[in-house]
Amino acid sequence: MIDLAYSALLFNNKALAEEVMRLEEEVDELHTEFELEVLKLREREGEEKGILGLIRFGLSAEAISDAAASIADVVLRGLKPHPILQKVFHEVEESIAMVRVEEKSELDGKSLEELALDEMGIRVLAVKRVDGEWIRNPPASYLVRAGDVLMVSGYRDSIDELREMASTTGEKA
Amino acid sequence: MGRSSLSHVKPMSVREVLREMKNICGLMIDLAYASVLLNDEELASEVLELEREMDGLLYQLWMSAALAVRDRSDAEAMSSVIRVAIAMDEISNAVSDITQVVLKRLGIHQSVREVFEKIEPRYRKVVISNGSCLIGKSIGELDLDVELGIYVIAIRRGKELIIDPDDFEVFHEGDVVIVKGPSSCIEDFVKAASGEIKNWEEVIEN
Chain A
114 MIDLAYSALL FNNKALAEEV MRLEEEVDEL HTEFELEVLK LREREGEEKG ILGLIRFGLS
174 AEAISDAAAS IADVVLRGLK PHPILQKVFH EVEESIAMVR VEEKSELDGK SLEELALDEM
234 GIRVLAVKRV DGEWIRNPPA SYLVRAGDVL MVSGYRDSID ELREMASTTG EKA
Chain B
57 MGRSSLSHVK PMSVREVLRE MKNICGLMID LAYASVLLND EELASEVLEL EREMDGLLYQ
117 LWMSAALAVR DRSDAEAMSS VIRVAIAMDE ISNAVSDITQ VVLKRLGIHQ SVREVFEKIE
177 PRYRKVVISN GSCLIGKSIG ELDLDVELGI YVIAIRRGKE LIIDPDDFEV FHEGDVVIVK
237 GPSSCIEDFV KAASGEIKNW EEVIEN
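If you read the sequences in order, they're chains A and B.
Residue numbering for the first sequence follows my numbering, starting at 114 and increasing by one per position.
Residue numbering for the second sequence follows my numbering, starting at 57 and increasing by one per position.
Wrong hints could be hidden among the right ones.
[Unchecked claim] The calculated label-pair distances, taken between Cβ atoms and stated as ranges, are:
(1) E170/B with S224/A: 21 to 31 Å
(2) E261/B with A253/A: 17 to 27 Å
(3) E132/B with A128/A: 19 to 29 Å
(4) L154/A with L159/B: 37 to 47 Å
(5) E246/A with E173/B: 30 to 40 Å
(6) P196/A with K160/B: 40 to 50 Å
[As the list claims (entries may be wrong)] Below, simulated DSS-like cross-link-like pairs (lysine-lysine); rule was C-alpha separation at most 27 Å, straight line:
(7) K127/A with K78/B
(8) K160/B with K236/B
(9) K162/A with K174/B
[What the hints assert, rightly or not] Away from chain B, derived, C-beta distances all over 12 Å, residues of chain A:
(10) E138
(11) T145
(12) V243
Don't read these hints as lab results, they were simulated from the structure.
Cβ atoms here follow ideal geometry from the backbone N, Cα and C, with glycine treated the same way.
So here's chain B without its partners, still in its complex pose (with noise of 0.2 Å):
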């Protein structure tokens, strides 16, 4: 993705620019609070450049509109979309000041983890250890967000970062895959992640 700047914009339309801030909106958000609860500052510098993402896809969005607009009835509707897009930037906004916490060394106080812990859905890191049954699995083949009710943030591999991985990304050993998901699916996740269950059938048997 790159970052667009006034000169260099790209003919999107209006419709394209939105599902991408709505896109970009949803994954800071669990990039922003999995970078808090788990202490993570690359996570947390992720979300910074994504929020510089959605600035920009502001002004793109603010050109595009300006350019669909033909008439008064056009100009009506378009104020809906762009109270909406000015509301996802809003978020963006809030949710990278949530990440100054961590890249301030601010640190969480012990109340916050203690809350989060109680209520769904639930953030973790889990290694793919030697001899699981995720290695060599991608995460479409697995269909781990149908199965396990997971959804997987980021993969860390070595010194590379992946973040969003889609559905063709295969799970290596080694792999720190960071997901978010009901307390009960990641704990089979952290099985199945551990070796301690041998066979993916019986994970998902649950």
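Only chain A is shown next, with the shape it has when bound in the complex (with noise of 0.2 Å):
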């Protein structure tokens, strides 16, 4: 979630600043079922602690979820984004990317677990098709098609390598 607030800053995107804002909201809903089972277990003698340790950890999730959402209200305010931000978003050794699939390319037509990105250091943060629907947090069974933009995060080594297993005329990597 926090990826997505970063990446809605980077590219000033309203979408995904939506996108951030739509699980804030589902993560207080999960939040408050969580501590409705956690105060269920409460029947065990013995596991306070453990138990207390949920609690907390519940909270945190949510104060986490929470300040992401902030970030991303950044950019639904309609305030441009200072362009320090994106200089320090972008800059970071692990970067965020978008990369367009082309026809024919080595990524066209896979599943992402035939692709295992996640090996090469690449996470898949969403994906935009071409009918401008975006997926976040796509399945391992989502098949890559040429025109899907893949907006991905990872080492700068692996984000070109990634670019050159998206174009029509790249190398195998």
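Make the complex out of the two chains shown on their own, each in a separate frame, by following the hints.
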């Protein structure tokens, strides 16, 4: 969620920012459910410490999601983010990039599971389809198609490699 | 990294402070989860140290930002920076609260471990054994992040704890390496560290 919020900021993208806000609402609901479930655990004696640990964990997760939402909120306010933000979030070792998949490239027609991008140090945060639809956290079964734009995070070199794999004339990695 | 007090404000630009905050925020998240999942008090203490540092950086940012604003349009733009910095400070506070679970010896309920065993990425403590092909090689040389998708969060060498080691850090026999990465990659790293696979080329072949 934090990465998604950073990318919303980096690309000044309202759709991504709205997705973060939606996630925040989801986390709120889940957190309430979680707390209720934890309270049900109280029936077991001697587990108080572990249960308190659980409660604290849940609270932290909620606080993190709220913070991520406030980062995304900057984009939704309509204020153009300060150029410093884009520079800072761009220049860190792990960067975020948009990679367009070209026809007949190495990525075209393969599932994420098949591509095993995480073994390259790449994480696919979201995919924008040709019809404009955003899919965040695509499942392993997701089939990559030409025209898809992959929003990825990873180390610079890994992303360069990915770009090659995404191009029609790319050499096999 | 020194702690900044209000009377010794280093002349850091807003950009430098923000970059530092982002780096520390990211590091804290990894350290915190690793400390809880691996039940490591020393890592948890590091998180608290970093939280104090974040607090100091936030003050630094307020001051640098105030000095950088010249007019209304600057002020409007800078407000987005401040909002993000505050959010990163909030994340760091939340993350530091998680480590209290370790420091107060609350322990982690079985259900949390079960969940974390199902999701990626994973955190693991890996010992570099005698005869491992990793000994004498640096993180940068091995290109761990690109070749294996592994990030080294910390290395415990005897009594010393090296947090967020740089590319020049060399692996020694006996090092306890705390890593983060996809489970399949961690398994490969474990095999290289134990000496089960003697050849680095073989490890990265998969």
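Hints, verified against the model:
1. A C-beta distance of roughly 27 Å is found between E170/B and S224/A, which places it inside the suggested range of 21 to 31 Å.
2. Distance hint for E261/B and A253/A: a CB-CB separation of about 22 Å, consistent with the stated range 17 to 27 Å.
3. Remark: the range hint 19 to 29 Å for E132/B to A128/A is upheld by a beta-carbon distance near 23 Å.
4. L154/A and L159/B have their C-beta atoms about 22 Å apart, which leaves the hinted 37 to 47 Å range violated.
5. As the Cβ distance of E246/A to E173/B is approximately 32 Å, the hint placing it in 30 to 40 Å holds.
6. About 43 Å separates the C-beta atoms of P196/A and K160/B, a value consistent with the hinted range of 40 to 50 Å.
7. Taking the CA atoms of K127/A and K78/B, the gap is about 22 Å. The hint holds against a cut of 27 Å.
8. Between the alpha carbons of K160/B and K236/B the distance comes to roughly 24 Å, so the proposed pair stays at or under 27 Å and holds.
9. Our distance criterion of 27 Å between C-alpha atoms is met by K162/A and K174/B, whose separation comes to about 23 Å.
10. In this structure E138/A is separated from chain B by more than 12 Å, as the shortest Cβ-Cβ distance comes to about 17 Å.
11. At roughly 17 Å, the least C-beta separation between T145/A and chain B is larger than 12 Å, which holds for a residue marked as non-interface.
12. The Cβ of V243/A sits about 28 Å from the closest Cβ of chain B, beyond the 12 Å cut-off, so the non-interface label holds.
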